[in-house]
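Novice: These are the residues of each chain, in order.
Number of protein chains: 4
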Amino acid sequence: MTKKTLNVAMIGYQFMGRAHSNAWRQVGRFFDAPYDVSMKVVCGRNRHAVAAAAPALGWEQHATTWQEVVERDDIDIVDICTPGDSHRDIAVAAARAGKTILCEKPLANTVAEAVDMLDAVKAAGVVHMLCHNYRRAPAVALAKRIIDEGRLGKIHHYRGTYLQDWIVDPSFPRVWRLEKSKAGSGSLGDIGSHSMDLARYLVGEITEVSGLLETFVKERPLPDDETKTGVVDVDDAALALVRFDNGAIGTIEGTRFATGRKNYNRFEINGSKGSVVFNLERMNELQVYEEDGPDSGFRTVLATDATHPYVEAWWPPGHIIGYEHTFTHTVLDLLRAIDAGQSPAPNFEDGVTNQRVLAAIEQSSAERSWVSIP
Amino acid sequence: MTKKTLNVAMIGYQFMGRAHSNAWRQVGRFFDAPYDVSMKVVCGRNRHAVAAAAPALGWEQHATTWQEVVERDDIDIVDICTPGDSHRDIAVAAARAGKTILCEKPLANTVAEAVDMLDAVKAAGVVHMLCHNYRRAPAVALAKRIIDEGRLGKIHHYRGTYLQDWIVDPSFPRVWRLEKSKAGSGSLGDIGSHSMDLARYLVGEITEVSGLLETFVKERPLPDDETKTGVVDVDDAALALVRFDNGAIGTIEGTRFATGRKNYNRFEINGSKGSVVFNLERMNELQVYEEDGPDSGFRTVLATDATHPYVEAWWPPGHIIGYEHTFTHTVLDLLRAIDAGQSPAPNFEDGVTNQRVLAAIEQSSAERSWVSIP
Amino acid sequence: MTKKTLNVAMIGYQFMGRAHSNAWRQVGRFFDAPYDVSMKVVCGRNRHAVAAAAPALGWEQHATTWQEVVERDDIDIVDICTPGDSHRDIAVAAARAGKTILCEKPLANTVAEAVDMLDAVKAAGVVHMLCHNYRRAPAVALAKRIIDEGRLGKIHHYRGTYLQDWIVDPSFPRVWRLEKSKAGSGSLGDIGSHSMDLARYLVGEITEVSGLLETFVKERPLPDDETKTGVVDVDDAALALVRFDNGAIGTIEGTRFATGRKNYNRFEINGSKGSVVFNLERMNELQVYEEDGPDSGFRTVLATDATHPYVEAWWPPGHIIGYEHTFTHTVLDLLRAIDAGQSPAPNFEDGVTNQRVLAAIEQSSAERSWVSIP
Amino acid sequence: MTKKTLNVAMIGYQFMGRAHSNAWRQVGRFFDAPYDVSMKVVCGRNRHAVAAAAPALGWEQHATTWQEVVERDDIDIVDICTPGDSHRDIAVAAARAGKTILCEKPLANTVAEAVDMLDAVKAAGVVHMLCHNYRRAPAVALAKRIIDEGRLGKIHHYRGTYLQDWIVDPSFPRVWRLEKSKAGSGSLGDIGSHSMDLARYLVGEITEVSGLLETFVKERPLPDDETKTGVVDVDDAALALVRFDNGAIGTIEGTRFATGRKNYNRFEINGSKGSVVFNLERMNELQVYEEDGPDSGFRTVLATDATHPYVEAWWPPGHIIGYEHTFTHTVLDLLRAIDAGQSPAPNFEDGVTNQRVLAAIEQSSAERSWVSIP
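Chains as they are written, first to last, in the numbering used here: chain A, 3 to 376; chain B, 3 to 376; chain C, 3 to 376; chain D, 3 to 376.
Don't take every hint at face value.
Treat identical chains as interchangeable: a pair holds within one or across any two.
Claimed, not checked - Once the Cα atoms are required to be at most 30 Å apart in a straight line, the calculated DSS-like pairs of lysine-lysine come out as:
#1 K230 with K275
#2 K184 with K264
#3 K6 with K275
#4 K264 with K220
#5 K146 with K264
#6 K220 with K156
#7 K146 with K275
#8 K124 with K182
#9 K6 with K124
#10 K156 with K182
#11 K264 with K156
Rather than coming from a laboratory, the hints here were simulated on the basis of the structure.
Could you build the full structure based on these sequences and the hints that come with them?
Specialist: Set out below in C-alpha cells:
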C-alpha cells in the first residue's frame, strides 16, 4: 500500500534547521510513519548559503522569500526554524495559507505575538505543533508514563536546572542571542523555557512564580568589531520559584554561567511514592526511585528497551541514541497527529501558556514579588 | 609534656548528644589536640535515662538540673545538645558562669533569642561556637580551600538542596520536630539551615531572599494517641531564592518530602573559572571542575589524602570516614581556638546572622515578596 | 567542485545492515567526505524481504545473488554485513573483482578463513577495512589520542569487560548465534572480540593468553520448535588473562550472562601517569585520571567538544550522539583512506591477528595452559 | 545486670593496631555487646614507641615481649596485628596458653604456617577468628543476605578487583611490604586476598585457578639509603581466573599500579536473577539489580537503614559510616560468637583455605597452567 506524501518547507537552516532536516530525512527510515515525506524546499535570506544548504541537508529546492514559500500550493507543512523575532509573521502567513505548522520553541518573543499565532492557526483550522524536542527523549517520555501510571503518587516537588557555560568568559562576543530585540530573552527563553515546559508536561500547570533574572556581564565585545562593546540586555541567568495547580512546588533555573556544565538539563520530581531524575547529558538514562522495601534506591533505567517509548524502532538494549533523535520523534508524532486528526502536544496553546509563564517570571523579577499566571 | 585538661559538661543526650559524646571521646585518640578532655558530666531531665546514658556515652557523672551543672566550678566547657527552645536559657546561664560554650544549630528558635545569647557571651567574654558540623567534612573544607585560593574565580551561583523523606507518609506522627513551639520551624531550621550556613561559609553573606514555605500534610496523628491528630504548624519544605553581597545568586532548599533522598545535602557552586559539587551521602567526595583545556570535566576528588583537611589523622587514601567525624573535627577546632585565643567559626555571631536569614525567608514567604537581611 | 561518486553494494540487511545503511546515508550529510556515495544495491537471499529492505534503508536496487553483485562493473565498494560463515567467500570474490571491501567483524569464523581473505585482498591490491565500530566512538578515539600523546605514561593494565544478559533465561531459544557452525563462537567472537580489538588498538599487540570458556546452559529450545532442544556448542562466557608485547597485562571478558548489563563494553587502562575508563552505555563520556597534585581524581570528560574526534560535524557541546554514529565515522574513514591512498585501520591484517588471539583463547581454555600468539 | 569483662592484649600497634584499638574502644559505645572489654595491654618491640602508643590508643599497659603477654593469666583475648611473618609463632603460643585469638589477615605467609596455626587452635580448643574486615561493611553483609535469600538466583560470575596506586612511582622505596621474607607476597596477599576472601564469602569455594603475577618495577631504592637499590621479590600485580565449586567463574585482581585508584576494592556478582556491585571507595552503597519488569536497572542502595546489617547501632538513614567501623563490627561478632559458643567466620580454617588459594595462584603463575585447590 502506497502512503500519501506530505511536502515540507523549512524556513531557516542553521542549528535548528540542521536538526529538523535530519529528522525529516530519518523519520521514515526507522519508523512506519503514516505519511511519506518529501523535503521540498528550504528557505533562507542568504541566497548563496541556502543554495549550499539545500543539497547538504537533503532539500530538493531552495528559496529566499518565505512569503512565497508558505503560499506554494505544493507545500503541506511549514517548519519554522528561524530566530524568535520572525516566528509570528511566518506562522500567521502559513496559517492563512492553510498549512500545517511546526514551530521551534519559544513560540514567540512575547505573549502578544504568541497569541496572534494561536489566533491565526485556530481561525485557519490548521494543525499546529510547538517543537519542545526534549519531551520526546525516551527517558523523558518514560518519566511521563511512570507519572501517569501513578507510580510516583502525588507530586510534591519539581526541581529543574538547565545549566550551560558558553558565555562565562566576559570576552565572548555580544551575539544575537544576547540582544533582546532578536532573542526576546536570554537564558530564560532559550533554556529555562525547556525546563519550564518539562515541568508543565510532567507535573502540571504553573499558577504563580517568583523570578530572579541576572546579567553578570553587562557589556561585551561586538561580534563584528571587537574594539567596541555592546550592551547585553538579556538575562545571563534566570531562576524561579513556582507553584503548581496541583499543590506541587518547585524551582526552575536556566543559566549560561555554570562553568563545566555543557548541556545539563536536569530535573528531579518527588512524589509521595517515588521520584525520577533526568539529565540530558545522559539522555538515555532515567533515575527512578520507587519505595519497595528496605533495599530500595534510585535505579538507573537505561531507556533503551523495546518497551520504552520510541525505542523499538532503533537498536537493541543498551545501544544509545543521540540528541537529534528527539527531533525525529517530534516529526513522527506530528505525522501521527495529522493522520489521527488530533492536535499534537505541545501545540500553540502550550506555546502561549509557556510564554505567559516566562513573562510572569520576568515581571516578578522586575517587581520583586510573586506574579500569578493569568 | 602534660597537657592541661578541660572538663566538659554536655546538656542533652539524644541523637546530637550521642554524636557529640563520640567526638569528645575520639578527638584525642586521633588528633594531637592542645588540651586533654575530661567528659565530666552529662545532664538530662529523665533521671533514669540519663543515668543509663552516662556510662554508655562515656561521661563520668550524670545530672538532671542544667542550672546547677553550668555553674559548677569544675566545668570549663558547656556543650548544648538540647532542642532549640532551651538553647537561650542554657547558653545565657553558662555565659554568665564564664564557661566556654559549644551550641548545636540552630542557635535558637528566634532572632531575639539568638541575640540574647550573643549579647550574653560577649558580655561575659567567653569563647562561643556554633556547631554546624558539615563545614568540617574534609570535602567541604577542601571546597572552602579551593574557593579561597581563587581557583573557582568569581562566584556566580550557589545551588543548595538538603533533601530527606522521613515524613512523606501522612501517617507519620506529629513529633516534636513538627511543632513550632518546640522546633521553631520545620525543614527550614532543621536542614535548610545547613544548606544556608554552607552558602554563607563558601560563598558569602546573603543580602536578600524570596522564600516559599509549604506544609503538605497539615494534620498528623499524635505520637501518644494515634486516634487523635494534631496540627503541623511548621514547614514540610522551604525554598528560597537568594542574592549574595558579592553578586552571586542562588537557590536554597530543605525538604522532608523528597522520596528516596535520605540525607541529600548537596550543593553546587559555579564560579567564573570552575565549579564544585558536594553531596553528603557521598561525604568523602568532592566534584571539582577546573577549566584546563579541551579534556576538562568534573573530577571526583576522594578527599581522603593526607593533604586534605583533617585527613592526616585518620586513614590512608581511599579509606573513608563517617558522618560522626565531622563532630570530632568541630570539637578539635574548638580546642584549637581556645588555645590560640581566637574565636572559632561559626560562632554565635554567625548564629544570629543565620537566624536572621531564616527569619527573612519565613517573612518573605508570608509577604510574597523579597525581604532584605538587616 | 563536484566530487567523484563511489557506488556501494551491501551484502546482508539485518541488524548490521541497518546500521551500515544509516552510515552510508548520513556520512555526506554531516561530514565533508572526499567522495559522494551512491547506495546502489543491497543483496540478500530472501527476495521478498530484501525488496522491502531496499527502499526502507535507502538502496536504489536489490538483488539476491551476491556472486553477481560483487562482480558488477558499476560497484566500487562491497560492504559485507552477513553472518561470519559467509565472509570468506564474499570477500575473496569481491577482492578478485577488484572492489574495495568493508567487512563486519569478526573477519571470519576461523583463522584459516581470515588468512584466505587477507591473501585475496593483498593479491588483488584492493583497499580492505574491518569494521570494529567502537574504535570510532569519539570518547574511544579520545582515549587513543591521550595514550598516543603519552599522557598515561607507560601502560601497565588493561581491564576489558563486554557484558550483556540477553540469554540468561534458559528458555531463550537456540538461535543461530548459539551454533558454532554459523557463528564461529559465542560471546568470545561476538563481544569479547570487541574488547580484545580495543585492547590491541589502545594498548598494543597481545603475545599470550590464558583463556576460560564456559557454557552455562548447554541445551536450549529450538527456535522453530520449542518442544525440542538443541545443543549450544558455543561459549556463553569467555574470559582471558593476557600479556602484551609492551609489558602490560590485562583481563578480557565477554559474557551474555551478566544480568542487568545490556551493552556494558567497558575498559579501564592504567598507565604510570594516568588512567582512562570507558563504558559503551555512556558512550559520550571518557573517565580520565591524570596525576596533577593533591586534588586529582577521575574526571568525566564529555567527549562532545568540537576539539574531540569526529565531533565538530555534529552538535554543540553536551549534545550527545548515538550508537549508530560510530558506523558513520567508520565509513567516513574508509572514504578518507581511499582518497589518501592509505590502508584504513583496522584492516584485514588486524582481522587475521584478532582471529589468532581468539583462537588462542579457545585453545588455551581447552588445554588449560597459556598459549602464545603466533 | 553487669556483664562479664574480657581482657584484651594486642600485639602490634601500627596501622592495623590503630584500627583494632578503635574497634575495641568503640564496640561497647554503640553496640550492646555480650561482654565488656578491658583493653589491658598493647605489645611492641620498640619500648619508647609502644609506651607512647598505649595511652594514645587507649590501652592500660604496654609491653615489649609478646611471649610474656600471651601467657598472662589476666588476658582472655589475644589480637594479632603484626606483619605476617610473626603470626604463626604468636598464634601458636597464644593457643597453647588457651587464649581466644583474633588474627589480622593474611593468616600467615605460607600454607604451612597457616596449618600450624589451625592445628594449634584446634588442639587447644580455643576460639579463633581471622580478621577480614570488609565482610562486615554493611553493604557487603547486605550483599550476602541478598544472595542467601536467593534473590540473585544461581551465581554465574564473580568479578573482583582491588586496585591501588601507591607504588606506581619507581622511586618509591623498597619498604618491607615489598620483601617476600617479611610480607609473604605483594598485591596478592595484601589486597588480592581481600577480593578472594569476598569471593569465597559471597559465591563459594574456589576449586581451581589460573594466575598471573607481575613485578613491573624490579628494583627500588632502599628505605634507609636511597643511593642503593634492593630487589623487589613480590608481585606488583596479581591476576587470576577462577572456577568455583558451584559452577560460577570469575576473575580476581589485586594491583598497586592502578593510577588514580586509591582503595578500589570492587566486586560485581551476576546471578541468573540479579546482580550486585560493591566498591569500597563508596563503602556505604550497594548497587543491586533485580529483574522486575521493563523499568529495571541497577539501583543504588544506601546501606544506612536500620534494617541493614549493623546499621541500627549507628546513625539515621543517609548518615554514612567509615572504614574503621568494619573492625568494630568484627570484634562485635567475635564477642557474640564467644557468647554463643560458636566459631566466628572467617576463622583459621578459612585462613588455611585462603592461603591455599593464594599459593595456587602463585604456583599457577609460575607453571603457566591451571592449578586445583587441594
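Novice: Now, for every hint given, state plainly whether the structure supports it.
Specialist: The hints, checked one at a time:
no. : hint           : verdict
1   : K230 with K275 : between (56 Å within a copy, 25 Å between copies)
2   : K184 with K264 : within (23 Å within a copy, 45 Å between copies)
3   : K6 with K275   : neither (46 Å within a copy, 48 Å between copies)
4   : K264 with K220 : within (22 Å within a copy, 41 Å between copies)
5   : K146 with K264 : both (25 Å within a copy, 23 Å between copies)
6   : K220 with K156 : between (42 Å within a copy, 15 Å between copies)
7   : K146 with K275 : both (15 Å within a copy, 28 Å between copies)
8   : K124 with K182 : within (28 Å within a copy, 53 Å between copies)
9   : K6 with K124   : within (25 Å within a copy, 50 Å between copies)
10  : K156 with K182 : between (39 Å within a copy, 26 Å between copies)
11  : K264 with K156 : between (32 Å within a copy, 19 Å between copies)
Consistency with the previously given hints fails for number 3 only.
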